[in-house]
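Student: Please model the entire structure based on the sequences and the hints provided.
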Amino acid sequence: MTHNSIADVQQSLEKAGYICSRNVATVVFLAGTTQKPILVEGPAGVGKTELAKAVAQSLDSRLIRLQCYEGLDEAKALYEWEYAKQLLYTQMMKDRIDEVISGSQNLTEAVDRIANQEDAFFSERFIQPRPLLQAISSDEPVVLLIDEVDKSDPEFEAFLLEILSDFQVTIPELGTRKAKKIPFVFLTSNNYRDMSDALKRRCIHLYIDYPDMDLERQIVQLKIPGIKPRLAEQLISTIHEIRTLDLKKKPCTSETLDWARSLIALQVSELTPEIVTDTLNMICKYRSDTDLVKDKMEIISKNAGLACSI
Amino acid sequence: MLDLILRFVSCSRASGLRISSSEVLDCVNQLELIDVLEEPLFKTVLRANFAKSRREQAHFDHLYRLFFHDMRSDLSIPHSQSLEALMDKTLESISEEINQDASFQAILDFLRGDPLAYLEEMRRLQSDTDGDSPFGVVNTFGPLVRRLQIMSQINSIGNAIARFMAASRQSIGWEDRKAMTIHYDERLENARRMLREDPEPYDADLNRVTSYEKHLDQLGDKSFFSLTRKEMEEMRDIVEQLVRKLKDTVQRRYSKHRRGVLDIKKTLRLSAKYQGVPIEVVYRHKPRRKGKIVTLCDVSGSVWTAAKFMLNMLYSLQDCFLQVRSFIFVDELEEVTKTFENHEINVAVDKSLKEADINYQAATNYGSTFRQFKREYMDILNKKTTLIIIGDGRTNYANPEEKILDEMREKCRRIIWLNPESLIFWNTGDSRMRTYQRYCTQVRHCQNLNQLLDFIKTLVL
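From first to last, the protein sequence lines are chains A and B. Residue numbers for the first sequence follow our numbering, so the first one is 1 and each next one is one higher. Residue numbers for the second sequence follow our numbering, so the first one is 1001 and each next one is one higher.
Derived from the structure by calculation, the hints contain no laboratory data. Among these hints, one or two may not hold up.
The calculated lysine-lysine pairs, modelled on DSS-like cross-linking and capped at a C-alpha distance of 30 Å, are [what the hints assert, rightly or not]:
| # | chain 1 | residue 1 | chain 2 | residue 2 |
| --- | --- | --- | --- | --- |
| 1 | A | 180 | A | 151 |
| 2 | A | 15 | B | 1043 |
| 3 | A | 200 | B | 1290 |
| 4 | B | 1266 | A | 200 |
| 5 | B | 1266 | A | 294 |
| 6 | A | 180 | A | 248 |
| 7 | B | 1043 | A | 53 |
| 8 | A | 248 | B | 1411 |
| 9 | A | 76 | B | 1290 |
| 10 | A | 248 | B | 1403 |
| 11 | B | 1266 | A | 76 |
| 12 | A | 285 | B | 1457 |
| 13 | A | 151 | B | 1222 |
| 14 | B | 1290 | B | 1230 |
| 15 | B | 1384 | A | 249 |
All figures in this text were calculated on a predicted structure; none of them were measured in a lab.
Tutor: Listed below in structure tokens is the structure:
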């Protein structure tokens, strides 16, 4: 179950509410066809996670998400034993053990009998699959999103390698599990640290940058159908002007959308420098950034073609 | 097609991009799935497979343009078939005329349309600049001199071509000569441009921190440079208090973290004592990972005050880290870890200044410091190390050696650069902050206590 062509990717993603450039579509198409994981990088808020969600929706498959953080380990990512049940099982065993070995002639026979019993303690019965194991053992192909992989420890990154190259995991007590259906894997990274070469080698790399004006306009129009073209135009050009400033955090696509929604809620039909100043807290999340934008408001409004009220 | 890709790959490798064979295989497989005649697609596929971080992408884009646009030999000359033989002859006669030298040959190859050797030469320019200057003096102008040499070689080849053209006015037709001249001029200009401009990575992934929380009102906002002696003393007390507070916080976090999940194996083993009843329950707890810290401090007058406070804090918080190693430098590097471990912090600060084998009168030289670090201490960096550099990035116009910084970044977990200079002075004069910051994970302005505190907090917590 993959996309048929690059155009198909673009269309089906658009249907899922995600507009992407041809670049992105190409990489998604190739990764789907060659069954390779994608390593998505880019500034915060350009839709890295959204991409995975949209792909899952367009392929009509389940999305399994693993959020990475410092200290994430196998027990939380791969599998865990169900301790409570295991403990109950040992109690049960204790009561039953006499029954099993009763009538045995000597010690050897008793041990043999015990050995013949089902080894349930470490078995499928008591295993609790976590996201990675779920993705591997699912009967349907799934989309596996390993979010913010750069936040995880180097050890965990090394542990991922087996899954990413061979789509299999090794559980010491049970053996190696191969994927029934190869999942479509997305890894996202915010460049908190560099990933190892070994990991990078196994993935196709995709860098998503801030969208250009055209693309962003399409996104705004898709996500907020009611917006007036004039307002959208002003909004986009203002955002692009603000992005050229030396900000601590540049406004991202999702913030553009939030801003557009709040402008509609305020029933604004025309953007003026005053309105931009008043609603700045939707797009600038640091005080120093807000101050900088306010300082440069004159140039911004001139370049973005805002109506000056003076 | 395969041949073309392989040639591109070997050129990229020569220029320092690491491409593994499995990536080449992937790329070739994927090219079969797309319409290679559509150039953006072709480029996307190559880029997705060969450049796997934002910093590599700039390098890749540069190589791609060179290889597939500037160097394509088939289109720049309208009727290449007839000219090819002529061009070979031209270059041959030139290479006979001038003495043989590796870099000379590289330029000639470049003119022929094979940039491999020339790219290697460029790479050598950027990385191996240690020592071997033609004048026997170890100076930082070495690479510059080398560049000039190559530049003059390019020019002399240009002249030789012009001479050849003039001499063969009879044997070669007017149109062919003109086409060839245009072609060679283009190539030579390309070669010169590559020599002049080093490709610089995009710094989109850089984390620049310029704003800060206000922890303290008066002293906190005062620049380190303008502290009086009395304020300095006061500052020390404050730092001590703050460090104690921080330690408490860290300790709380550790003790909280200690409660882990049930360790079933150990619990069962213990329960054997009580006939299988799990009376004693064992939890699995693993300690929080501690980072290793390596600091490089510029101790030339301008930066030392800030560095002093930073070292003071780092060493007071030593038990929050696995290991702290510190180096100080002006134009040479000196390890002062021992001094700081064995003495009380304020004593150590004075001691390291007095006893370290460093010429304080020398001009700060980042390039030679990085070179020395690479030679002697590269192995102490690993994926758990945070490298902190405190300096103003003023190189005194010497070679900045930013490529070594790049290598260091690849070895360690992250590089944080603290610059105690006022923001407005960054990138003015001999300050190479713009060059350096492209290779750092984070760049921070660190001029007063508040900013320093902010930094230490994010480092420890």
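Student: Against this structure, judge whether each hint is valid.
Tutor: Results for each hint:
1. Restraint check for residue 180 of chain A and residue 151 of chain A: the C-alpha separation of about 29 Å stays at or below 30 Å, so the hint holds.
2. Among the hinted pairs, residue 15 of chain A with residue 1043 of chain B is consistent with the structure: their alpha-carbon atoms are about 27 Å apart, no more than 30 Å.
3. Simply put, residue 200 of chain A and residue 1290 of chain B have alpha-carbon atoms about 25 Å apart, close enough for the 30 Å limit, and the pair holds.
4. The hinted pair formed by residue 1266 of chain B and residue 200 of chain A fails the criterion: a straight-line CA distance of about 38 Å is larger than 30 Å.
5. For the hint linking residue 1266 of chain B to residue 294 of chain A, the alpha-carbon distance of about 62 Å lies beyond 30 Å, and the restraint is violated.
6. A hinted pair counts as satisfied when its Cα atoms are at most 30 Å apart, and residue 180 of chain A with residue 248 of chain A does not qualify at roughly 45 Å.
7. For the given pair, residue 1043 of chain B sits about 26 Å from residue 53 of chain A by alpha-carbon distance, which is consistent with the 30 Å threshold.
8. Using a Cα cut-off of 30 Å, the hinted pair residue 248 of chain A and residue 1411 of chain B holds, with the two alpha carbons roughly 27 Å apart.
9. Note on residue 76 of chain A and residue 1290 of chain B: the hinted pairing holds, with a Cα-Cα distance of about 21 Å set against a maximum of 30 Å.
10. With a C-alpha separation of about 26 Å, the suggested pairing of residue 248 of chain A with residue 1403 of chain B holds against the 30 Å cut-off.
11. In summary, the hint linking residue 1266 of chain B to residue 76 of chain A is supported, as the alpha carbons are separated by about 20 Å, within the 30 Å threshold.
12. As the CA atoms of residue 285 of chain A and residue 1457 of chain B are separated by approximately 20 Å, the hinted pair is consistent with the 30 Å bound.
13. A hinted pair counts as satisfied when its Cα atoms are at most 30 Å apart, and residue 151 of chain A with residue 1222 of chain B does not qualify at roughly 35 Å.
14. For the suggested pair residue 1290 of chain B and residue 1230 of chain B, the alpha carbons sit about 36 Å apart, so the restraint of at most 30 Å is broken.
15. Our distance criterion of 30 Å between C-alpha atoms is met by residue 1384 of chain B and residue 249 of chain A, whose separation comes to about 27 Å.
This entry does not satisfy hints 4, 5, 6, 13, 14, going by the numbered hints stated previously.
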